[in-house]
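With the hints as your guide, set chains B and C onto chain A.
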Amino acid sequence: MKKLKLTAMAGIFTSALLLGACGANNDEASGAENNTSTDENMITVYSAGPGGLAENIQEAFEEETGIKVEMFQSTTGKILSRLEAESNNPVADVVVLASVPSMEGLKSEDKLQAYEAENGESINPEWSDSDHYYYGYSAAALGVTYNTNQVDAIDADWDDFSDAEWKGRVAMPDPTSSGSAVDFLYGLTNQTDGGWDTVQSWLDNDLLIAGANKEALNSVITGDKDVVVSAVDYMTYKAKNDGEPVDIYYPESGTVISPRAAGILADAHNLEGAQAYIDFLLSDTAQQLIADAYILPGNDAIELNDRAALSEISTLPLDLEDIEEKQTETLNKFTSME
Amino acid sequence: MIVRRHAPFTALFIILSILAVAPLLAVLGYTFFEDGSLSFDSLLSVLQNNSIVKTMQNSLLLGLYVIALTTCIALPLAIIRTKTFLAKYDWLDIVFTIPFMTPPYIGSMGWILFMQHNGYYEQIFQSEAPFTFFSVAGMVFIMSMHLYPFLYLMLKNALLRFDGSFQDATLIYGGNPIMNWIRTIMPLLISSYVMAALLVFIKALAEFGTPATFGKRIGYDVFTTEIHGYLSHWPINISAATSLSLILLSVCMLIWYIQNVISRKHSYGTLSGKSTNANQVKDSLVIRIVSSGYVLIVLGLSIGIPYFSIIATSLLKVRGEALSLSNITFSHYTDLFTVGSSSFLALMNSINFAFVASTIAAGIGFCAALYIKDGKRKPQQFLDFTSLLSNIIPGIVFVVGLILFWNAAWLPTTVYNTNWMPILTYIVLFLPYSVQYTKSALSQLHPSIHQSNAVFAQNSWIILLKIWLPLLGQGILAGWMMTFIISMRELVGSLLILPPSVETSATFIFSQFEQGDVSKGMAMAVITVLLTILCIFLIELLQRKALRTN
Amino acid sequence: MKILLKGVEKKYGNIQAIKPIDLTIEDRFVTILGQSGCGKTTLLKMLAGLTEPTAGEIYFDDTPIFSQSKKVNVKPNKREIAMVFQDFGLWPHMTVFDNVAFGLRGKISKSERTEIVHDALKKVKLEQKAKMKPGELSGGQQQRVALARAIAVNPKLILFDEALSALDAILREQMREEILTIVHSIGSKAIFVTHDQTEAMAMSDNMIVMDSGEVVQTGSPEEIYHSPINSFVANFIGKTNWLEEQERMIRPEHVHPYPQANTSTRSGIVRKCMYEGDRYLIFVETNGHMWKFYDHHPHIQGEKIMLYIEENTIHSLQKQEA
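Protein chains in written order, with the numbering used here: chain A, 1 to 338; chain B, 1 to 550; chain C, 1 to 322.
From the derived model, a few chain A residues whose C-beta atoms are all more than 10 Å from chain B: (1) Ala60; (2) Glu64; (3) Lys111.
The following label-pair restraints were derived from C-beta to C-beta distances: (4) Val95(B) to Ser185(C): 58 to 64 Å; (5) Lys68(A) to Leu445(B): 51 to 57 Å; (6) Ile287(B) to Thr148(A): 53 to 59 Å; (7) Leu304(A) to Leu538(B): 51 to 57 Å; (8) Ser324(B) to Leu310(A): 38 to 44 Å; (9) Met1(C) to Asn260(B): 43 to 49 Å; (10) Asn260(B) to Asn230(C): 42 to 48 Å; (11) Gln381(B) to Ser185(C): 44 to 50 Å; (12) Lys54(B) to Ser87(A): 27 to 33 Å; (13) Thr148(A) to Val53(B): 42 to 48 Å; (14) Asn14(C) to Ser250(B): 28 to 34 Å; (15) Pro447(B) to Lys2(C): 28 to 34 Å; (16) Phe537(B) to Gly243(A): 36 to 42 Å.
Simulated from the structure, these hints should not be mistaken for laboratory data. Glycine residues also receive a C-beta, built at the ideal position from the N, C-alpha and C atoms.
Isolated chain A (complex conformation) (with noise of 0.2 Å):
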């Protein structure tokens, strides 16, 4: 009996502790709990990076508008996933993601509202929803990656990569893992006759298919491969910037360009909060951070940032027709590949 009761009394004890631990961790814990309230002065952004961007975006929106952003930033798929799990209590106002078939799925699952934003029309209408559900307000360009240490000059085109010269020393990101390499797979098999059998060839010649796209990058700049294809062209544009030894190039017969999209969540609790940012997103101010991260602006009309105009890179067509199926078939397609 009394070893009972010392077990409930322990219990106490630990109840206790448990209060303490709240005390000690009270304002953090309030600080996130804000989250769900509909404060007019908050906004929650599930936001796919880049890193550095989305921050400084989210500074200067907090700075010209005085409402607070929460912000959870990840990949695009994991914000997804997020998405889905919290179907019964909805958190994220405002979703942005690195891809538009997903963009398109959450469309039509309807979970997002339409919005006529401010700057709409000066925006690539090729890489929006034409019922303004996303605005594809920065885009980035699919080029190849080299290193500048291990290859000297280079212009192949796509299938020059098959050839015996390259074998082993290609890499490109994981199409399960990167958003912009099913763009990429889907531009250059849905557009072009042969596409499949250019990657077949690929993967025959011991392409390293290397994560998410900074890990096909980090491949490259380790000098572990010589070459990624499909590569994130602003990663790249960076990492040479910080003065490693990679360049960019576009192969000639034309590339994917990926944009990047943002849309308001159709159960947004704050939805002006959430227009506010959109209009925010398309402004010459924010289209100018993009500019700098090297990103291209949804805007062609603001200047760039040591890096190829979306005018100088041929480009493969982008059709936005029922994207969200036939990628899956894409990536089904691809996945069942040896």
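Chains B and C in isolation, oriented as in the chain A frame:
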């Protein structure tokens, strides 16, 4: 009367149910109930997927290989540390725990950076490695280098218990030393070994860091990466993830059951009264050289090389250039310690969460251990089992369940999206440590201590303050530190459950690998590990001190 | 204090550890004797309140301290008892003084406590060791500390659970005497659980013999030795010579190698001869039974011998049961 008797059980039961059982039920529910009706569709569709067989095969094979290799590493080590002159050097055990304390994804990164084309190996030896490291063998090697300390410590402790009259009896009745070994020590060792090996197997199955970094690279998919993939890569498929989780759960439960059966059949009371450590044979020079050499090689491979890569990378100015003095900078470290920087906040978050989580876990673990005692009665066994669930169930399954459960529509309030969520996750995942440590402290006491307390103490407060806290404080504290250390580096859960605007050091490191600056990530890794080692050192100091006062 | 047990039993699941027991204990020093696993420790723990009986009632002096039907279960620390354990049960982190003083915490002021503890330690002759930790003491000293702890709380009843089993033979005998003296001096009652029949007979006013969860016989040591109720008790307590297996027996001291009055005779062959210091124990095979008797001289193995049996000391189990 009856109600009061069951009160402590009920309280503990409710706490543990909410913490550990509810998430598992949520996984089951999500898999089998669609729109309120029972459905096996999602499980079937996952089972029909061709890749599931491959994944299962990969996971199980990986587990077997890892058991084999960790055994090869750990058994000689355990023998060396109990039978040769190296038995004296107890500080070696602290060193041996470092690989286990190293976050696996960081260790793997270290190896990748070392072995890859143009990596540190080629820079140092000016030639390519004579073998291909990027294969399943390499992955097994990396994982074994992470997990062997676990097996080693369990084997060493088992061997230590055979000293005393067991050993004397073997010396008197046995034949040559090798036959002695096979006939007496081996069978007695079996139950400890099987237990440790199966735990290693489960740990290998549940491992995420290495498959996510190294495994991805060589295209070796296992359960954890698949589940994580379904949860975090486009297109998202949560029910596929829960179905896979269930399969993984079943595999682990099966293994756990087998382990139970085996160890029940083959366990003997091996604590024999008087222990005689005095018969220390003087080792020959050959044995000295061989054993020291072996220890050095193991340490070099499990600590030296990965840490060389990690530290080197954290110091590089331009990673595309070779290692040289002119290419070294401390800027990544100074960034880390700039107050208010994201890295600094992440580190502080980690410390905060780990502190709160380990404190609460220590409290719950203490109560549970006191209640469970020797686990003779049914409710005690039940609580014991629930509190140790997360030892046999991979973390990612729990994390999936926690997300689903804490987002359930019918919950009046939820901790989801608050800082309590990671804390709760750490508590659930690491509760076994605090329970185990307190239980083992408790088991070292005479059983009649409980009865002495019952007969002589005037009230329960006196028992708590004057007996349990001083007597078990050691164990509780060790469990606390252990929980703290592991919470600090927890990755899988943190990646999925952190609220917006919050990062921990582990997710910071991982996102630096994925999106940002690898060198900065490595610098953070070095700091985290240094903190860990400091903690282990403190535990050791405390234990020494306790031994002296006893 | 009178202890009364009414239909007390203990079941673990389907296993009946203690069959229903009705028993009154009134003597000062009582031993519960039985082989290991017979339930004697369980019975003791039920008296202490450490194990809860499945059914029945226990009274101390007409006060119910446990009753299944009335839902009474007084906690161990409120039963005014003390207990001494086989493995001492001392708290390893406390000094001897603190161990002894522990039971007084919350009951008695600190200054009085010191006095009582010193008194108790004096009784067990350990005043010098008050500041030491139990781990620094020998087994015998530790058991004395446990004894001091028990008497310090001034209990009405002290329960000894195999208290001397962990000690060596000489120490054990010494402690027997000390325990008896101390228990008598403080005027408390003692129940002593043991598997050692010499210990039980030497110490107790009354013995309770248990076998497989049942009380088989109670009575003074002499009664039990001379009139065992069944063959189990006969074999368990003292040495037994069977005239007819399970039916009629005689103790070795009533069998002589030389003619005496009122004796009958039988012949046998000496099989073994063991020296016990003060006399020899001789094993003789007779009528298919192995008999034992004592003599002051050794006998040669294989020797034919005539045994003289005191007829009136033959104890018949049949008769007893009838």
